[in-house]
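Work out the full structure: start from the sequences and follow the hints.
Which chain is which? The protein sequence lines are A and B, in order.
Per my numbering, numbering through the first sequence is continuous, rising by one, with the last residue being 451.
Per my numbering, numbering through the second sequence is continuous, rising by one, with the last residue being 902.
Keep in mind that the hints were calculated from the coordinates and are not lab data.
Heads up, some of the hints might be wrong.
[What the hints assert, rightly or not] Cut-off 20 Å, straight-line C-alpha distance, at most; resulting in silico cross-link-like pairs (DMTMM-like, lysine to aspartate or glutamate): (1) Lys-4/A - Glu-519/B; (2) Lys-396/A - Asp-43/A; (3) Lys-525/B - Glu-90/A; (4) Lys-4/A - Asp-459/B; (5) Lys-123/A - Glu-153/A; (6) Lys-74/A - Asp-8/A.
Protein chains: 2
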Amino acid sequence: MTTKYVLDESRIPTSWVNLMADLPGEPLPPLNPGTGQPAGPEDLTPIFPMGLIEQEVSTESEVEIPDEVREIYKLWRPTPLIRAHRLERELDTPAHIYYKYEGVSPAGSHKPNSAVAQAYYNKEAGIRKLVTETGAGQWGSALSLACRMFGLECEVFMVGVSYDQKPYRRAMIETWGGSVHRSPTDLTDAGRSQASHPTGSLGIAISEAVEVAAKSDDTNYALGSVLNHVCLHQTVIGQESIAAMEMAGEYPDVVVGCVGGGSNFAGLIYPFVRANLRQGKTTRFLGAEPAACPTLTRGTYAYDFGDTVGMTPLMPMYTLGHDFVPAPLHAGGLRYHGDAPSLCALVKEGIVEATAVAQTAAFEAAVRFASCEGIIPGPEPAHAIKATIDEALAAKEAGEERVILLGLSGHGHFDMAAYAAYHAGELEDLEFSEAEMQDALDRLPEAPSIA
Amino acid sequence: MTTKYVLDESRIPTSWVNLMADLPGEPLPPLNPGTGQPAGPEDLTPIFPMGLIEQEVSTESEVEIPDEVREIYKLWRPTPLIRAHRLERELDTPAHIYYKYEGVSPAGSHKPNSAVAQAYYNKEAGIRKLVTETGAGQWGSALSLACRMFGLECEVFMVGVSYDQKPYRRAMIETWGGSVHRSPTDLTDAGRSQASHPTGSLGIAISEAVEVAAKSDDTNYALGSVLNHVCLHQTVIGQESIAAMEMAGEYPDVVVGCVGGGSNFAGLIYPFVRANLRQGKTTRFLGAEPAACPTLTRGTYAYDFGDTVGMTPLMPMYTLGHDFVPAPLHAGGLRYHGDAPSLCALVKEGIVEATAVAQTAAFEAAVRFASCEGIIPGPEPAHAIKATIDEALAAKEAGEERVILLGLSGHGHFDMAAYAAYHAGELEDLEFSEAEMQDALDRLPEAPSIA
Numbered sequence: 001m002t003t004k005y006v007l008d009e010s011r012i013p014t015s016w017v018n019l020m021a022d023l024p025g026e027p028l029p030p031l032n033p034g035t036g037q038p039a040g041p042e043d044l045t046p047i048f049p050m051g052l053i054e055q056e057v058s059t060e061s062e063v064e065i066p067d068e069v070r071e072i073y074k075l076w077r078p079t080p081l082i083r084a085h086r087l088e089r090e091l092d093t094p095a096h097i098y099y100k101y102e103g104v105s106p107a108g109s110h111k112p113n114s115a116v117a118q119a120y121y122n123k124e125a126g127i128r129k130l131v132t133e134t135g136a137g138q139w140g141s142a143l144s145l146a147c148r149m150f151g152l153e154c155e156v157f158m159v160g161v162s163y164d165q166k167p168y169r170r171a172m173i174e175t176w177g178g179s180v181h182r183s184p185t186d187l188t189d190a191g192r193s194q195a196s197h198p199t200g201s202l203g204i205a206i207s208e209a210v211e212v213a214a215k216s217d218d219t220n221y222a223l224g225s226v227l228n229h230v231c232l233h234q235t236v237i238g239q240e241s242i243a244a245m246e247m248a249g250e251y252p253d254v255v256v257g258c259v260g261g262g263s264n265f266a267g268l269i270y271p272f273v274r275a276n277l278r279q280g281k282t283t284r285f286l287g288a289e290p291a292a293c294p295t296l297t298r299g300t301y302a303y304d305f306g307d308t309v310g311m312t313p314l315m316p317m318y319t320l321g322h323d324f325v326p327a328p329l330h331a332g333g334l335r336y337h338g339d340a341p342s343l344c345a346l347v348k349e350g351i352v353e354a355t356a357v358a359q360t361a362a363f364e365a366a367v368r369f370a371s372c373e374g375i376i377p378g379p380e381p382a383h384a385i386k387a388t389i390d391e392a393l394a395a396k397e398a399g400e401e402r403v404i405l406l407g408l409s410g411h412g413h414f415d416m417a418a419y420a421a422y423h424a425g426e427l428e429d430l431e432f433s434e435a436e437m438q439d440a441l442d443r444l445p446e447a448p449s450i451a
Numbered sequence: 452m453t454t455k456y457v458l459d460e461s462r463i464p465t466s467w468v469n470l471m472a473d474l475p476g477e478p479l480p481p482l483n484p485g486t487g488q489p490a491g492p493e494d495l496t497p498i499f500p501m502g503l504i505e506q507e508v509s510t511e512s513e514v515e516i517p518d519e520v521r522e523i524y525k526l527w528r529p530t531p532l533i534r535a536h537r538l539e540r541e542l543d544t545p546a547h548i549y550y551k552y553e554g555v556s557p558a559g560s561h562k563p564n565s566a567v568a569q570a571y572y573n574k575e576a577g578i579r580k581l582v583t584e585t586g587a588g589q590w591g592s593a594l595s596l597a598c599r600m601f602g603l604e605c606e607v608f609m610v611g612v613s614y615d616q617k618p619y620r621r622a623m624i625e626t627w628g629g630s631v632h633r634s635p636t637d638l639t640d641a642g643r644s645q646a647s648h649p650t651g652s653l654g655i656a657i658s659e660a661v662e663v664a665a666k667s668d669d670t671n672y673a674l675g676s677v678l679n680h681v682c683l684h685q686t687v688i689g690q691e692s693i694a695a696m697e698m699a700g701e702y703p704d705v706v707v708g709c710v711g712g713g714s715n716f717a718g719l720i721y722p723f724v725r726a727n728l729r730q731g732k733t734t735r736f737l738g739a740e741p742a743a744c745p746t747l748t749r750g751t752y753a754y755d756f757g758d759t760v761g762m763t764p765l766m767p768m769y770t771l772g773h774d775f776v777p778a779p780l781h782a783g784g785l786r787y788h789g790d791a792p793s794l795c796a797l798v799k800e801g802i803v804e805a806t807a808v809a810q811t812a813a814f815e816a817a818v819r820f821a822s823c824e825g826i827i828p829g830p831e832p833a834h835a836i837k838a839t840i841d842e843a844l845a846a847k848e849a850g851e852e853r854v855i856l857l858g859l860s861g862h863g864h865f866d867m868a869a870y871a872a873y874h875a876g877e878l879e880d881l882e883f884s885e886a887e888m889q890d891a892l893d894r895l896p897e898a899p900s901i902a
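Given below as structure tokens:
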């Protein structure tokens, strides 16, 4: 009985999958926030290097991975695909459950897949320093790691509530040489304008980092999710999953992942979505998001800013409103008002399904998973585990031998305070009322309707 | 350029290596603390199951690994062997540095290799609950995980200073269903007698756990290091290392690991020591211990208790004295007054070398390693990394293409407070004076001299 499927190092993908090439019609363009006109590469050059801007707008179906990036991927990739025999037995389900585990990276999540690529292209462009935001601390630590690998400086604006909850993530960022600020700070105009939201949010932290990057020539900004080039880099996950499932002699009926900004889920599913489009496969795709930040399930499909203050281009996406400040739930990586436009378009088209999971249900599922499979999951993929268990139980109900692929995007070693709170019965299920949600939506920027 | 060597799951070892069979002469027996006579299996039956007692005294050269144990090993084994290309480049050394990384286990260290085996044999013997001590928290979390896998209860006495420094290790133990006490407690006679040492020590925590196990029929004790059967279980590390280095086409000139109780280092080197004895290989073996708890480098070779209060059999080993309370250094897993008798015998014979490493030098080496290889090491293997870097620099000095194998026994995700202290310049190098050390040695129990 085989448990782990690990590809040989030589089978780390040699190119990233650009799903944009396979989608019918033209994607909705981002808009310049000043003019309302489609944003071009020139809108992005103050904060991104040309190598990444080209990827952002590319319509090629494959983008070659530079050798320098693959060499660093080799430190932890290919990541294992694991058959959850013990969880299947616990659920007494005929479903076959596999999970692709990205927690083996030095930063403990999928985030370095893009961080390493972004650091590489910035280094190539002669940039000296990268600035970014981080929610749960996973992106910040991943970028700090990647910058260290390429000799770049790294400065991180960390969402206030995560900064307080996760001091050890900060120490991790510092161990790789990065510096960390608690956002909102008084170092930026954006931060000072949000002093009344001391818990912070990803949107605020993004505004701060973009401001710092825009003001300096040798400093760029790096975003850990949402944008096309970030989703692109993450497709190593899905490509390896396809190859490893081939080793197992199976193909997924459903692929499940968690959605914060969307890059982990996009990276997992886009190679499978392409197989649906090109080869007529019929795999279902299920994104799990927190009930306390329900972008895909309760948001509005509209043009909105990527940040809180309104510095970024307007992006077509499901949004809760750019000044929506999510409750301080423990899955910090899922606290974002929007989602990747490319992923939102697939939801809009009905190609991707979404479900909202309450925090306590996610932790309950995570503890059950840990009891069977050993690994203690991050709070973010815990949401996907809950959805996976529901799928497996539905398969049992239906008497189907359903093949489920779960994206286990990271471990929970830096989230044990949240587990302690769960064990102590102190976790709350926070939800927003319709009125509260409408309040933020009333402040959407003026832009063409896309709903 | 290959970086990672990962064996196929089918190559998880099918038996453990018992080095006892290959050592010349009879090993010195443990002694009953009451009678001073050699301790037999009957001295151990109150706290250990017969399956483990048989392994403790076995002279067979191989012990078969039960299928049930191998099935659980499959969740993370074989662990990767990684060529430290980037560290070699940083040191500009002709040495080839490989590290065997045990941090991929769910508990983050090598400890589950023995915990799973011990839980299995106790379950087979009809035991309901295991009690143990833990220093850094790694053994306690490993045993909690293993007990969960076999449906056993788990109770952990955690060294006071680690309990305070590592709340997230506690949450991890609890996530797998175990319960945790801060040792010394007032739950046991042993704990109450040591109330004047509030920082605790491994020796005190062992006394407490043994006391609880000895008082109950369906409860046994589990030790995470020192004993023959624990070292035996860990030999999966060395066996996999030999096979993976074969994939790399190399064989180590020197093997380096950290030594606390000795099981990680023993598990790494015993298969190689056997190859020295049987096949005439000439590999050197170097154990790195903390300068603040320098058992092998400054201790006395004598019979001593394994615990502080004097409940265990007397064991022949290097010791700092059973009531030596080590300074609260951050490498909690290395704070033990003695070392595995089997390992001590090899040091006594000159087959194994030892070196003492100061705490700040260990962290400096760990940060350097993390900057090159990504992985943030636990404070314990950080000591071995410092010794490895010294070996690699010596090879450079000598102009030798030396092949070095480093045992990277675990990650440092639960030790980031120590890294934060290092970054803040707050770590101190604690050492004991000769007078302080002599003080504890003056209280060695009466027993035949073996020095």
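Starting from Lys-4/A, check that the Cα of Asp-459/B is at most 20 Å away, please.
Between Lys-4/A and Asp-459/B the Cα gap is close to 9 Å, so the pair holds against 20 Å.
Pair hint outcome, Lys-123/A versus Glu-153/A [Cα-Cα no greater than 20 Å]:
holds (10 Å)
Does Glu-90/A lie within 20 Å of Lys-525/B when you go C-alpha to C-alpha?
Holds, because 18 Å separates the two Cα atoms, which is no more than 20 Å.
Straight-line Cα separation of Lys-74/A and Asp-8/A no greater than 20 Å?
Holds, at roughly 10 Å.
Given hint Glu-519/B paired with Lys-4/A - CA-CA distance at most 20 Å
Measuring from Cα to Cα gives roughly 16 Å; hence the hint holds.
Compare the distance between the alpha carbons of Lys-396/A and Asp-43/A with 20 Å, and conclude whether the hinted pair is satisfied.
violated (51 Å)
When held up to the earlier numbered hints, the structure conflicts with hint 2 and nothing else.
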